[in-house]
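Protein chains: 2
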Amino acid sequence: MELYLIRHGIAEDKALNIKDEERALTREGKEKTQKVAQRLFDLSLHFDVIVTSPLVRAKQTAEILIAAGLSSQMEESSHLKPEGNIHNWVTDWLEPRNYPQKTQLALVGHEPNLSEWAEILLWGETKASLVLKKAGMIGIKLPEIGSPLGRSQMFWLTPPKYLL
Amino acid sequence: MELYLIRHGIAEDKALNIKDEERALTREGKEKTQKVAQRLFDLSLHFDVIVTSPLVRAKQTAEILIAAGLSSQMEESSHLKPEGNIHNWVTDWLEPRNYPQKTQLALVGHEPNLSEWAEILLWGETKASLVLKKAGMIGIKLPEIGSPLGRSQMFWLTPPKYLL
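For the protein sequence lines, the chains are A and B, in the order given. Take the first sequence: its letters are residues 9 to 172, numbered as in our numbering. Take the second sequence: its letters are residues 9 to 172, numbered as in our numbering.
Hints listed in this document are in silico derivations from the structure and should not be mistaken for laboratory results. Errors might be hidden in some of the hints.
No distinction is drawn between identical chains; accordingly, a pair holds when it is met within one copy or between any pair of copies.
What the hints assert, rightly or not - Derived pair list, reagent style DSSO-like, types lysine-lysine, alpha-carbon separation capped at 27 Å:
#, residue 1, residue 2
1, Lys22, Lys110
2, Lys135, Lys89
3, Lys110, Lys135
4, Lys67, Lys110
5, Lys141, Lys38
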């Protein structure tokens, strides 16, 4: 099973008159994310399901991935909010294994969550050793049996600039 | 300073009548490595120097990178042989810092060395958690001061198929 951790695109700056969860992608953020999505499609990527944080900037990113043909199924989950915890979603989604062996699962969310979750999957702890840019992604192969924590392997980490 | 760890392309199989250090890239290995090199050039990558393992398959890979215009300087080092040790080359090349701050240094070598060295730079220890394919690469940002061991950050890890 492969897990793709995808960070939302460039969003509006924080401001007093807008709630964090309502910050939307900027025009540049949308365009860049669309180009990344198109490139992923051209590279034959396909996700069985895209699960997204319910925050607007993440949902818009997931919608762009869907529109590019990268998946036909999209779900929202509070596990992927900025305050989400990897142990909750690993328990809910991966133990017992709820997906068939070859599932390609994409999670759209936020930093520092995604790069820290990748570290926990690879090494069991966090050390701020991975740089995940907006609209960038991480590809991780989960072990066939047993807990994925500290036992997974990374095969891809890319900023968007190398996908344009 | 950025460090790029590049694995040699697809080489001839091991055989009784050929020494390991003389195994050459296959035709497919050359062609794929040339495509990767062209893509890296198109992405505006440039290395101040490419240091290569003296083994034929690594040297041929480095020569392809040079021919694609990715660097004008190539050196061989026994530190990058399969039996090489990261502590030796970190001491020789990085402590005291022998390169200017913004140097882009590419090392062409072998597995499992390269992915293990990346883990040691990021994490201080190895756990076989990174998958580095032939003609694939890893991009690492070294800290501006102090030892890079366990203190560096990875910004790129890609198999060749996502560069073609």
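Hints versus structure:
In this homomeric assembly, Lys22 and Lys110 never come within 27 Å of each other (Cα to Cα): the closest approach is 39 Å inside a single copy and 32 Å across copies. In the homo-oligomer, the alpha carbons of Lys135 and Lys89 lie at most 27 Å apart inside one protomer (21 Å), although the nearest pairing across protomers, at 29 Å, exceeds that limit. For the homomeric pair Lys110 and Lys135, the shortest alpha-carbon distance between copies (24 Å) is at most 27 Å, but the shortest distance inside one copy (29 Å) is not. For a Cα distance limit of 27 Å, the shortest separation of Lys67 from Lys110 inside one copy, 25 Å, qualifies, whereas the shortest one across copies, 37 Å, does not.
Only within a single protomer do Lys141 and Lys38 lie at most 27 Å apart by alpha-carbon distance; the minimum there is 15 Å, versus 32 Å between protomers.
Of the numbered hints listed earlier, the single one contradicted by the structure is hint 1.
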